[in-house]
Amino acid sequence: MRRGVGEYAAVALPLLAALALAPLVYSNELLLFNFIMFLILAQGLNAIYGFTGYLPFGYVGFFGAGAYGFALAVMHLDASPLLAMACAGVAALALGVVLTPLLRLSGAYFAIANLAAAQAVYQVISNPALQDITKGPYGVTLSSVFAPALSYGVALGILAATLALVAWLRNARLGLALQAIREDPVSAAMAGVAVVRGRTIAWLLSALIAGLAGGVFAWHISVFYPETAFDLSFSIFAIVFTLFGGAATQLGPILGVLLLYGLYNVIGITVPQYFQLIYGVLIVLLVLFLPDGLASLATRRGFRVP
Amino acid sequence: MLAHAILSGLVFGCYFTLVGLGLNLIFGVMRIVNLAHGDVVMLGAFAAFWLFALVGLHPLMSSVIVLAAFALLGLPVYYLVVPRLLAARDSEMLSIILFFGVQQIIEAIATIAFGTSERSIPGRVLGRGPLHLLGQALPVAWVVSAAVSLLAVALVYLYLYRSRVGTLTRAVMVNRDEALASGIDVNRVSALAFAIGVALAGLAGVFSPFMLGSATPAMGGDVNLAAFAVIVIGSLGDPRGTMLGGLIYGVALMLMQTYMSAWANLLPNLLLIAVLLVRPTGLLGRQVRRA
Amino acid sequence: MRRRIVVCLLALACMAGARAAWAQQSRPAEERLGGCFDGYLDKAQTEQAAAQQPGQPAAPAEIRIGHLHASSGPYASISMPVYLGLKLWVEQMNAGGGAVVKPFGRKLPLRLISYDDQSNPGTAATLTNQLITQDKVDLLIADSGSVLTAVSVPIAREHKMFLFDPTGTGAAFFSKDNPYIALLADPVSTVWPRFLWEFLKSDVAAAGLTRVAILYSTNDFTGTQAASIRAALKAPGSPVQIVFDQGVPTSTSNYAVLIDNIAAAKPDVVLELGYVGNDIAFLRNLQESGTKFPMVFTLYPGIETSTLLKNVGQTGLAGVFSYVTALAYSYPPEVGMTLEQFRGSWEKAYAKSGVEFGWNAIAGYVTGLVLGQTLACTDSMAQLDVRKSVFSLSGKLKTLIGTFELNEQGAQIGELTPIGQIAPAGSDGIHFTVVYPSAMSSGKPIFGAK
Amino acid sequence: MSPEPLLRVERLGKRFGGFRALDGVSFHIDRGEVLGLVGPNGSGKTTCINVISGLYAPDEGNVLFAGRSVGGRKPHLLARSLINRTFQSPRPFLSLTVRENVEIAATYGRASTAAPAVDVVLERLGLAAEAARRAEDLNSAHQKLLDLARALATGPRLLLVDEIAAGLNPAELLLMADRLRALAAEGMALLVVEHLMGFLERVTDRVIVMNAGREIFDGRLAEAVRDTEVVRVFLGGAAHGG
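Chains as they are written, first to last, in this note's numbering: chain U, 1 to 306; chain Y, 1 to 291; chain D, 1 to 450; chain G, 1 to 242.
Mixed in with the good hints there might be a few duds.
A few chain U positions that, by computed beta-carbon distances, are all more than 10 Å from chain D [to be verified]:
(1) R3
(2) D78
(3) D132
(4) A161
(5) R173
(6) I269
(7) P291
(8) R301
Computed from the model, here is a short list of chain Y residues facing chain D with C-beta under 10 Å [said to hold, decoys possible]:
(9) A5
(10) G9
(11) V11
(12) I65
(13) Q104
(14) T116
(15) R124
(16) A137
(17) M219
(18) Y259
(19) A262
(20) L266
Hints were generated in silico from the structure; no laboratory data involved. A virtual CB, placed ideally from N, CA and C, is assigned to each residue, including glycine.
Isolated chain U, as found in the complex (with noise of 0.2 Å):
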């Protein structure tokens, strides 16, 4: 456990202070919340595929839970944002709770039934029969609470401790356990892990890190459409960034994130007609060449990645 102190002050620590004092020098802070944005999000999908193995591609589920979770908390209860961000992660637990029965699927079966669950959730919450609850297709808007600073800084908090989770989580014996779950499950159990219950804690954990990232974005962006919070690209966006990085590591869904995402940038804004066409070449690329991520060059090496 002190290693993991000490790899959340070397890796986690200088992130999160120059995202705090990144907005004093560059002004597209938008930006900067979704560099913040991503990381949770890439960090939290780290806890469930990097640990487990089980690739939620339904991920955004979650995230248009916790973002719808946090704007009915302020429509209908007038709650204030920091009591609705609680209410964003409970929808978000809760929805995480139904859906445990997925984990009974395995590969590719998991996947897809986890894409229709996010599915199914965003044809109930944009179905014009709930307009008078979630406002249906028609958006919402959340003006009355708008806050960019405030929200920057909570999103920034939420990062902090989805990194300090991971940061255990590689260190202390459960993340252990759970990779011996995603290498093994058979193994693991009669190495005495509770597979099912470490499974369910990783997944568990997973949804509430995404639906408090779906509240701060719901939070930040203050108007949205259920397309916008169930937008499939969240999900794949998490995905890639976590992958190129390097799952299971704390350090690598961080660089995946600031290298790619910073990438997806740099074209959007300076080639923006071959955009598609470049991100889409450079995943290939990706999974061809270096499917274990960034941090597999290390560890290949002999090195151990924090």
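Keeping the supplied structure of chain U fixed, place chains Y, D and G upon it in accordance with the hints.
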């Protein structure tokens, strides 16, 4: 209304069997998820559109050309990408990401080449007026598309169960490692299955302007969601399962449209999840214990 | 490790920071009574007037116009034409030496910075911020459609940047407390269908057609139109009865069963409100099913006429009612090209682009025209002056789509489209007969034609 | 001999669809005893181990461990209550190091204070030099040892060993047999599924022979090879092609 919904559902379901068929074959043989499947369908649609618009080629003729051309197109893609992918540790998961990238590439190129406007082929090309079937009026184009789909399913079935390569293909589906150990040229069998899968997606694309109203470079995502529902409900890897999944999907969708239209898209997803939870390998799947 | 991350961040910041070429020129908004726009303002006059002013601020090298478009994804088909229409306007202005910018008293070249958000709202948000904070654009234009516009609204407001909204018709964007937005080219969804419901309650009902079916796609654009039509038709004293009212997902691509269901409700009038793809699928399925209704109304035959004609065909469109946009009803423009001229320029520039000419192309061009007039009229480049200038155009600016008119919240309430019916023209063309309002009408509706 | 054996298996039955993989199998093992389990392919040996180690719940019969019924309990609970096993093809946690592999079992599966320390296990199985290597980089013999180390780290009193000898070279075979005997000498009970009779001879003299889900012989190995039914089953099994 009920009779019409069920009949349209069956006809529509036949077409959606074809939409899922290629995806299923590729997953069954290689255990990879071709997320670019919907975009190959889109390419098929544009191929048929341009063949019709430029040289006036009948879609039934185009479908033969598309089948051959897309199979030939599939081979180099297979050799460029798949063997390398399969060598990775978690290829089943990685495939989703890889083919997401491929999908982005296809969509980007299609947008540059074809623009973003909707394209289609007039329905009368496949026959004029509604066709009366069991007292219900159905668009002729639908019935033709369904018939072609059934033919394609039958051919795939014959390929798998009546040809030597097909037998080998099924062996690879059952257990890739065993097949490799017993001297089957797994790589060649897979390449063939991949090419056929891509060709079937292209074929589905040829008829998509008739079944889906029109085609745009962005249509792939929705096609994928439908195809996933179809093949998972049926059972991944088995063409008969795909048929069953397609019919269930079609009928369920039409019934929802009839009685709760605003919720129509929710049903396939709920069906998919329910089927997976009750029978994790799909309705026709073998009961295998996957530890 | 720490160093690597810091270096990464710095590199990123530098890349973006370097793009900020010059700081935004602005001076305090000086109060002036009334707008400058008094009928059509001749560019030469403006130039002359402006040149007489002493002590002008140093002019920048160019006027930066920030814009977003989606080249891929679900909104590409409505976004690309707007982008290309706008681009055409910018190129034309620059070919003529630029646009007159009143505060600097001369013509300045325009620079269009348009990023591709790929129909991804999250990306659209970041790029909007990029345009404001890094590119420091002088004028900001949102992407097309409500979903992509929505994310830009609070960002523009937060940065006190006036948002030119070409086609984001969501009623929620326009509120009294947000001065930083105006809807330019589409009427706001709540009022757009006004002529339609008036027509249904008067002429159509008088013809004995009172049973109405509404089938709409469940998205902001069509859902809001359906809601305001529904409210109007249900108002006390309405002679009209709604016999079918269903929403379908916007991704719906087959309507055969829905058409059968509608037929079972025996309506006289069917209103199908959807996006381009929905309308194409609906009209094709309607034609193929052989089902007939006395009156069928859909949105896009009048909005994206050539796309609909290519996909549905002459016979499929004949008899259908739709909005009559500037594509089929010519308004004499006082500013900018006529429809024919614009269409000619479009075909010349974009014939091979695969993007069809239609209402959204015009919307992009009109956005440009509004921008041009705004620059010619504004007192300064300060955003509230820009807003004042835009609002001063209201009720005065006449373009090829009619009179530009804003309500006080910035929603477009002019440019209302009359109702028309499609008749075949020539071997494979169509033309619109305007049937309502009577002041504009060019013929009588023929019911039972579909 | 104590009145209650450490493990008592009573009329154990397990079906897969219509196939009866186990059909009323009964036997017992005492502390410090090594029992061999032999039979042709598909006779139910591995299924038997899978049921005892909790991977499958039995359909019929029961498993009693130290007098308490444990049939149908989850494997991780069994691992913590002193039953463990190895796998026919070893299943280490490939991307973790050798030490981490063993550590997991020592942390989560440690059932008694008597469980050995990680270093002791590694030392004893000759894996100490490999401790920092990733499991996927080990050769198959070392992976087998790692699999065994994982099981031993939980400090089991009953160890189920599934074809551990396959693929080992003669020297490794002898060493492995010695190790198993040493474990038994310390009081551990072992159930050893094995095809290699030579190896089995070195670790035990008592065997159970199974065929088609039933036990057909329980006694001394030397007698088994003279038992007519056992001989018929093995020859017949060969005739059927396995």
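Going through the numbered hints above, which ones does this structure break? Give me the numbers in ascending order. Numbers 6 and 12, in rising order.
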